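Kindly produce the complete structure, drawing on both the sequences and the hints.
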Amino acid sequence: MERLRIEYGTGYMDLIVEAFFPCKMPAMRKATRLINSYCTDEARTELLSELREMADGYKALCDMYRQKMEELSEESAAYRYWRAQFNKTEILRRRMENNIRLISGGGKG
Numbered sequence: 033m034e035r036l037r038i039e040y041g042t043g044y045m046d047l048i049v050e051a052f053f054p055c056k057m058p059a060m061r062k063a064t065r066l067i068n069s070y071c072t073d074e075a076r077t078e079l080l081s082e083l084r085e086m087a088d089g090y091k092a093l094c095d096m097y098r099q100k101m102e103e104l105s106e107e108s109a110a111y112r113y114w115r116a117q118f119n120k121t122e123i124l125r126r127r128m129e130n131n132i133r134l135i136s137g138g139g140k141g
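In terms of my numbering, the sequence shown has 134 at position 102, counting the first letter as 1, and numbering is strictly consecutive.
Hints are computed from structural coordinates only; laboratory data are not their basis. Hints may be right or wrong, so weigh each one.
Per label pair, the in silico range of CB-to-CB distance [to be verified]:
#, residue 1, residue 2, range
1, 109, 43, 33 to 41 Å
2, 42, 120, 35 to 43 Å
3, 126, 46, 23 to 31 Å
Here are the computed lysine to aspartate or glutamate pairs in the EDC-like style, where the Cα-Cα straight-line distance is at most 20 Å [said to hold, decoys possible]:
#, residue 1, residue 2
4, 91, 129
5, 56, 46
6, 120, 95
7, 62, 129
8, 100, 88
9, 62, 46
10, 100, 122
11, 91, 102
12, 56, 122
13, 120, 85
14, 120, 106
15, 56, 102
16, 62, 73
17, 120, 102
18, 91, 50
19, 56, 82
As the structure is a computational prediction, the values presented were derived from the model and not from experiment. Note that beta-carbon positions come from the ideal geometry of N, C-alpha and C, so glycine has one too.
Structure (structure tokens):
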């Protein structure tokens, strides 16, 4: 799924999935209302599947960065670089999990 088309009474919105997700909670709350109100169950299921794949990719990256960090001493510049990469990716992974939770109806955000 490259784009998610949300059609509502006064128009429509196309979300480019890889560009929009993972998004911060204020934007996600707004998008969730539209997705849950106007998208078909099939479109929502396909979106959740795509988001879960992306979340798995972020988890794999986090594991790779953690492994690279473990190979280095904590004082090195390379360690700090991989730690920063891990932190950024971990934030995206958590954001994606929250996005999935909201779309699947698991929380109000």
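Would you pick out the hints that fail for this structure and give their numbers low to high?
Violated: hints 1 and 15.
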